[in-house]
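**Q** Each chain, letter by letter, is given below.
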Amino acid sequence: MDQPDDRSDVAPVLVVDDHDESLRAMEDILARPGEWLRTNRCFARKIGYEPGDLLNLRMEDVVYPVDLPGDRAKLRQLFDGELDTYHREERYLHKDGHTVWVDLTVSPLRDASSKVKNLILLIEDITSRRDAKKRERLVAGVSQILLQSLDHPADMGRVAQLVVGSLGQWCVIGTIDGHGAGRGESTAEAAVAHADPGLAAVADRLRAALAGNAEYASSLASPVPLTSVAPRDDLRAAWNIDEGLLDDLAVNGALSLPLVSHDRVLGRITFLSVDALGPGELLMAQEVTQRIALALDNARLHREAEDAVRARDEFLSIASHELRTPLTPLRIHFQRMLDERGQLVTERAERMQPILQRCERQVRRLEALVENLFDVSRLTTGKMNLRLAEVDLAEVVREVAPRFAEELAAAGCHLSLDLAAGAALVGRWDRLRLEQVIMNLITNAIKYAPGKPIEIAVAPGTTRGSSPERTARLTVRDHGGGIPPADLERIFQRYHRIAPPSLGGLGLGLFISKKIVDAHRGSISVESSCEGTQFVLDFPLQGAADTAAISLPDGQKIPIGTGPGPGPTLVGCNDPGVWS
Amino acid sequence: MGVSEQGSGGCKTVLLAEDDQDIRDVVQEVLEERGYDVIPARTGRQALDFLATADVDARPDVVILDLMMPIVTGWQVLEEIRQRPDLENIPVIVLTAVSQDMPTGVTAILRKPFNIDELLALIGDGVGVKPS
Chain L
1 MDQPDDRSDV APVLVVDDHD ESLRAMEDIL ARPGEWLRTN RCFARKIGYE PGDLLNLRME
61 DVVYPVDLPG DRAKLRQLFD GELDTYHREE RYLHKDGHTV WVDLTVSPLR DASSKVKNLI
121 LLIEDITSRR DAKKRERLVA GVSQILLQSL DHPADMGRVA QLVVGSLGQW CVIGTIDGHG
181 AGRGESTAEA AVAHADPGLA AVADRLRAAL AGNAEYASSL ASPVPLTSVA PRDDLRAAWN
241 IDEGLLDDLA VNGALSLPLV SHDRVLGRIT FLSVDALGPG ELLMAQEVTQ RIALALDNAR
301 LHREAEDAVR ARDEFLSIAS HELRTPLTPL RIHFQRMLDE RGQLVTERAE RMQPILQRCE
361 RQVRRLEALV ENLFDVSRLT TGKMNLRLAE VDLAEVVREV APRFAEELAA AGCHLSLDLA
421 AGAALVGRWD RLRLEQVIMN LITNAIKYAP GKPIEIAVAP GTTRGSSPER TARLTVRDHG
481 GGIPPADLER IFQRYHRIAP PSLGGLGLGL FISKKIVDAH RGSISVESSC EGTQFVLDFP
541 LQGAADTAAI SLPDGQKIPI GTGPGPGPTL VGCNDPGVWS
Chain S
1001 MGVSEQGSGG CKTVLLAEDD QDIRDVVQEV LEERGYDVIP ARTGRQALDF LATADVDARP
1061 DVVILDLMMP IVTGWQVLEE IRQRPDLENI PVIVLTAVSQ DMPTGVTAIL RKPFNIDELL
1121 ALIGDGVGVK PS
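One line per chain: the protein sequences are L and S, in this order.
Residue numbering for the first sequence follows the working numbering, beginning at 1 and increasing consecutively.
Residue numbering for the second sequence follows the working numbering, beginning at 1001 and increasing consecutively.
Bound conformation, chain L alone (with noise of 0.2 Å):
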């Protein structure tokens, strides 16, 4: 490209069909094709040649064979004066045998009697234009395909067929498994596609020929891209396919790229043509190999990322139980302890007593952390069971309120309850679940605002929406310094803590509250200013469904023990006046 006609894409060609007088009649243009008469380095070196060779050529030795009948068709009705000129796109034939879009314009300088004396051809290269736009097109639909699900070994198939539609007439997609990626030992079955489904038989025969295939798996690991000349001897040495399959094949391009990602080799895409691949096809095949890779390794990551967490829950789970198993003799033992005190009265077992009571509080601390850790790997994998039962909602809150006394006293805090008198607000709950989240509501207000009013109510309350349900509502108030706006809206989400390290907590509490409320139809949501912050809880009083519940033969009593319960010497509170 060193001539200055070449930056040009427009070529305008003189031809000329009457070195002889007596071929004017369009009879004779047809029955001896047109000589270029001359022609630009331009235009030449678009379809491979030089402007002199080109001169010795006919217009059929370089128009697409398909697209010539419609060119004669034209030509006739210039010839017979039906069009004063016309205008087609069509493909030219490259010497190599690619072929060449052009947007061709033909003019014809006609003779003082109107009879076409020279053709004029203004020839526009468009095969960029047209292979942008079909890269785009088919760029898009890969990418739609492999967006929809990352389950790839489904959707190369897919992609395959997608490709034969543009680009080559058969695709040829092998993906090495799993983490082995670039050793090639174990290969997905490979995902073959023909443009015309009259060949399928030919793709179910390469597709057997290529399972289990030794050469065609080692293949797949080769980061080296392959640009055919003699596709037939290339695929026969790199997949040892019989002749047989390379006649019905019927190749005369192949284009062989590696699918890399982050230096990983994921597997090989082949791209088959009839004719040769012209260097916009080699640009459409890269972007759709390297969309392709790409998605292989979204997959990948997306697998590793789940097998890491599918893992943590699997840890958390045997984690917990392991965990519980140490604390069931501790809990008991403590237990023990506590009621021999009972017997014993001393001066020496009433100065027990404190020590034991803060060992046991500890010791159902644990319990709690352990409950969250388990129910957190719980909840990610299923949904969580309600064991349901009439509860009156105020009576939870004042069961559970009285346990967190010393907590309270400790902090400074005092705390209110408003448990909506005369007003029995009772649905089918399950009411060591509420017991929880109470549990952790007052747990995050004496945690992030000690020496503060924390005050609950219950009361009556109805659902948000077109057809509003009567609730209960709790309603868990502090004045402390307020959530963040940026914390408040991931508050709910799992592992997000506010708090520095230094007060505890594995970001669990409201992750899980969320959850327990969800499963009853209820909702929780929160507001939250410089001078504290609000949760209201909503529990449709005609409870969860009832497919959430664990179904239990009737009259058979399930007892379940939990983690944190009510102690027998620890209900009570020492200062009357934190009640009211």
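If you're looking for bench data, these hints aren't it; they were derived computationally from the structure.
Any given hint could turn out to be false.
Residues from chain L that face chain S, not an exhaustive set, calculated with beta carbons under 7 Å [what the hints assert, rightly or not]:
1. 133
2. 327
3. 328
4. 332
5. 335
Glycine residues also receive a C-beta, built at the ideal position from the N, C-alpha and C atoms.
Here the structure of chain L is known, so what remains is to put chain S in place on it, guided by the hints.
**A** Same frame as chain L, now just chain S:
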């Protein structure tokens, strides 16, 4: 833990199948303080062996069964108990540290760490409560 005499139902013998020695020991101690005879079993296999060989009058009145035990699990013990007509009415109290896949048709399920008073109350009731 305020009551020192055993339940009025005449429940005497408790088969305690639990692989964790610390849990087994403390539960055994507490039950023996209350006057129960406790047959400790370290594995499901031991529990089954006892059930297979015990005379009619030596059979336990209540079975306390940990679900997750090595070799023979609590599930397998439960299955065996259900297949034995002479044992089908025996109350079974299940102990578990997991909460998925709870067995049905048992007297009670206690999640670890459990409250010993709850366990005592269940054993006390044990004789009167039949699995459905």
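**Q** Now tell me if each hint is right for this structure.
**A** Evaluation of the provided hints:
1. 133: Given a least distance of 55 Å, the restraint on residue 133 of chain L is violated.
2. 327: At 4 Å from the nearest chain S Cβ, residue 327 of chain L passes the 7 Å test, so the hint holds.
3. 328: Status holds, d = 4 Å.
4. 332: 5 Å, holds
5. 335: 5 Å, holds
Of the numbered hints stated above, the single one contradicted by the structure is hint 1.
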